[in-house]
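Engineer: Read top to bottom, the protein sequences are chains S and D. At position 66 of the first sequence the residue is numbered 84 (our numbering), and the sequence of numbers has no breaks. At position 12 of the second sequence the residue is numbered 87 (our numbering), and the sequence of numbers has no breaks.
Treat the hints with care, as some may be off.
Straight-line C-alpha distance at most 25 angstroms; calculated DMTMM-like pairs for lysine to aspartate or glutamate [claimed, not checked]:
hint	chain 1	residue 1	chain 2	residue 2
1	D	K131	S	E123
2	D	K142	D	E113
3	D	K111	S	E123
Keep in mind the hints are simulated off the structure, nothing from the lab.
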Amino acid sequence: EAGVTQSPTHLIKTRGQQATLRCSPISGHTSVYWYQQALGLGLQFLLWYDEGEERNRGNFPPRFSGRQFPNYSSELNVNALELEDSALYLCASSRYTGSQTMNTEAFFGQGTRLTVV
Amino acid sequence: GEDVEQSLFLSVREGDSSVINCTYTDSSSTYLYWYKQEPGAGLQLLTYIFSNMDMKQDQRLTVLLNKKDKHLSLRIADTQTGDSAIYFCALLWDAGNMLTFGGGTRLMVKP
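So here's chain D without its partners, still in its complex pose (with noise of 0.2 angstroms):
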């Protein structure tokens, strides 16, 4: 089956980058998502991308996808405080339909 891996934690500065990083090992899934976990919340989709596409921009987000080394990342510009997170990479299979998620990386934002 598919292996999703993010790195458990990053700690940024508010008005920094952050660049989140996910691998994974099946190239066969067809849509890469990026979903926002706030404390005792769902999930917020933030963005996604086909895999035919190398990236996306999207106001503050930028996806990157790399398709030969198998990763995916997701750069928010100007961190705020509001973006402290756990943030999941998922990718879709399409024969099953479902979504196989990374562990998620706690995003911590300090002032």
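Isolated chain S (complex conformation) (with noise of 0.2 angstroms):
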């Protein structure tokens, strides 16, 4: 079974211009989240779709914006992109029986990692 798959893999960008990622959920999967892995700060919550919805929204500005696909994919889009959005963008799914979504398992791409220059 393929695993959460992401694209690209690297992307390299310059201050101003948009960015969109790419993501695909496992098989069965309604439930995709976005993080950002920045050099020094962690992962942070970006965003959580379910069925087409954004469900939960993490403390980003809304040049960070997304959607999520009647398949389930979803893209990240990041518009005016600034040096300090260069990071790693991961992606992760999981079902969602209702109320918590995680209450297993959710599994992560291996990422996008996105340079601005």
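Quick one: dock chain against chain with the hints and give me the complex.
Structural biologist: Here it is as structure tokens:
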């Protein structure tokens, strides 16, 4: 069974540009989560999507946005890129049973390393 | 919000046991997880424990949860060089359905 896949693995953008990161969840998983792992800041929760809806959002500015498609894959968009957006962006997926979606296991992809120059 | 703290670094010799510690401030978490991250890779779920449990054992891994002291630990028996990685504890906030991670502990295993 394929795990969570993310693309691209590496992305280099210049300041002010937009970046689009993609995530395909494990088959049967309806929830997708995005995390940012920036140097020195640890893993920070960005967004949670389930059944096409944004369910929760971390403490990030509105230029971080995303969406989930009918096939449950997801995109993370970062507009007006800043140097401090350089980080590893991790996507995770899990099943959602109504209240505690991560009640067992959330599986992470390998991440997209975004470098803003 | 939740604060989750881990020591930065742990060095052990191959064959010894490793104990990685995690402390947290908010006791409302329902699930507590341990993840492993190897260089350049994503996060691999190692094990998790429900908040109503005190201990969970899974092969070489033992998770201990002390709810009174808000302390979580991961013990790796017979540590191998392949266990060298960064280990993250993470707590689930049911209300927001998101994981709050510690800063990670870098485990170095010396042959």
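Engineer: Hints first: check each against the structure and report whether it holds.
Structural biologist: Verification of the supplied hints:
Simply put, D/K131 and S/E123 have alpha-carbon atoms about 15 angstroms apart, close enough for the 25 angstroms limit, and the pair holds. At most 25 angstroms may separate the alpha-carbon atoms for a hinted pair to count; D/K142 and D/E113 exceed this at roughly 29 angstroms. Pair hint D/K111 plus S/E123 holds up; C-alpha atoms about 14 angstroms apart against a cutoff of 25 angstroms.
Consistency with the previously given hints fails for number 2 only.
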